[in-house]
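Asker: Those sequence lines, one after another, are chains A and B.
Just so we're aligned: the first sequence equals residues 1 to 113 in the working numbering.
Just so we're aligned: the second sequence equals residues 1 to 245 in the working numbering.
Just to be clear, a hint being listed does not mean it is correct.
To be verified - Here are the simulated distance ranges between beta carbons:
no. : chain 1 : residue 1 : chain 2 : residue 2 : range
1   : A       : Glu42     : B       : Glu28     : 21 to 29 Å
2   : A       : Glu45     : B       : Gln89     : 27 to 35 Å
3   : B       : Thr90     : A       : Gly93     : 45 to 53 Å
4   : A       : Leu86     : B       : Gly221    : 33 to 41 Å
5   : A       : Ser28     : B       : Pro60     : 37 to 45 Å
6   : B       : Asn30     : A       : Glu45     : 12 to 20 Å
7   : B       : Asn30     : A       : Cys76     : 14 to 22 Å
8   : B       : Met241    : A       : Glu45     : 39 to 47 Å
9   : B       : Ile197    : A       : Gln74     : 32 to 40 Å
10  : B       : Asp196    : A       : Arg19     : 55 to 63 Å
11  : B       : Thr225    : A       : Leu86     : 28 to 36 Å
12  : B       : Ala44     : A       : Gly93     : 35 to 43 Å
13  : A       : Glu45     : B       : Arg26     : 15 to 23 Å
It is worth saying that the hints were derived from the structure and are not from the lab.
Don't be surprised by glycine CBs; every beta carbon is placed ideally from N, CA and C.
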Amino acid sequence: MHELSLTQGLIEIAEEHARRENATVITSVTMEIGTLSGVMPEAVEFAFEACSQGTLADGATLEIRRIPALGRCQQCSQECAMENHLDGCSACGSYALDILIGQEMALIEMEID
Amino acid sequence: MCTDCGCAPPQPEHDHKHDHASRKIRVEENLLAKNQRLAMGNRASFAAHQLFVLNLVSSPGSGKTSILERTLTDLKGKINFTVLAGDQQTDNDAERIAATGAPVKQVNTGAGCHLDAHMVGHGVEDFDLAAADILMIENVGNLVCPASFDLGEDHKVAVLSVTEGEDKPLKYPQMFQAADLMLINKIDLLPYLRFDIEQCKAFARQVNPQIKILELSCHSGEGMTEWYDWLKAGVASKRRMASSL
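All chains should be modelled from the sequences, with the hints used to inform the complete structure.
Answerer: Right under this line is the structure:
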């Protein structure tokens, strides 16, 4: 359940930015989670509700955008969509894929008041 | 007290009122940015001491502590080890390692399922890192969460024992992808098990084509020499790197 500590980090970052803007409340938080980040969006949503209580983000809505993963084959340089870590190259079948997109988990934007 | 990593008490909130307008701001900050920053700080401090740092990860019961006990005993006088042992509760692992004579500290994560760079940074504060060649960080037994947290190590070493099933790399691909070395432990038990070691290695390479694999038993001692050679090469490369600076 590392989503718990990641979500605590998310709220820390959000509060830091809100304070810098002299805001007193965070009304919405938008984040991106890659499909290969190892993070379950449902667990983040659950943790967000619990961890945001008593913080500037108390009551804020959380929007999670899923980012589909993209890999590049080390053998033939083909770029291909990846469903999971076990996917091979769609062109040559090699498993040596560099993950280009899909491992991110980031706080993108938020609404403050 | 901590002035480096920001874990000091938070600043008091400002108490004067402003006219605030509701607005949207861009942040674009990675959730692991803070851990990453602290891990880089750890890495710089380890490099300054020419320390070879390994992050041992596995499921509970794979034999991490037993491998450490044997390694520390066999290499006594040849390589100086320092050990940070992570577990949710108890000092049991630290006690076993302390019996080998190596400096060790237990880090209890409480409810936490992994070590992070912050815990490691504070965990090593009391060690004399200049006197050590290798820092072994024994992570919490968990094949999921520790994969996401850089501690400032040179390599993650994934331990898998033959009693666990050969498809562990497929079930927990992120961990085996993050590891540079996989130790297949308890190979003395192979005659009694239906464990296809070649299949296990093939699964690991499917997830991570670059992964190096060593087979060993810290009980019988088989394969330990190759592991020790790998450790010695790591220490030597650190010293070479430092002398070329």
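Asker: Please test the hint of 35 to 43 Å on the beta carbon pair from Ala44(B) and Gly93(A).
Answerer: Given a distance of about 41 Å, which is inside 35 to 43 Å, the answer is holds.
Asker: Cβ-Cβ distance between Glu45(A) and Arg26(B): within 15 to 23 Å?
Answerer: 22 Å, holds
Asker: When you take the CB atoms of Ile197(B) and Gln74(A), is the distance between them in 32 to 40 Å?
Answerer: 26 Å, violated
Asker: Is 28 to 36 Å a correct range for the gap between the Cβ atoms of Thr225(B) and Leu86(A)?
Answerer: Because 33 Å falls inside the window, the suggested range holds.
Asker: Tell me if the beta carbons of Met241(B) and Glu45(A) are separated by a distance inside 39 to 47 Å.
Answerer: 44 Å, holds
Asker: Within 14 to 22 Å: is that where the Cβ-Cβ distance between Asn30(B) and Cys76(A) falls?
Answerer: Taking Cβ atoms as reference, Asn30(B) and Cys76(A) lie about 30 Å apart, which means the hint is violated.
Asker: For the hint 37 to 45 Å, verify it against the beta carbon of Ser28(A) and that of Pro60(B).
Answerer: Since the Cβ atoms of Ser28(A) and Pro60(B) sit about 40 Å apart, the hinted range of 37 to 45 Å holds.
Asker: Per the hint of 45 to 53 Å, is the separation of the Cβ atoms of Thr90(B) and Gly93(A) within bounds?
Answerer: 47 Å, holds
Asker: Can you let me know if the beta-carbon spacing of Asp196(B) and Arg19(A) is within 55 to 63 Å?
Answerer: 56 Å, holds
Asker: Given the hint of 21 to 29 Å, is the C-beta distance from Glu42(A) to Glu28(B) inside that range or not?
Answerer: 23 Å, holds
Asker: Is it true that Leu86(A) and Gly221(B) lie within 33 to 41 Å of each other by Cβ?
Answerer: 34 Å, holds
Asker: Could one say that the CB atoms of Asn30(B) and Glu45(A) fall in the range 12 to 20 Å?
Answerer: 19 Å, holds
Hint violations for this structure: numbers 7 and 9, all remaining hints satisfied.
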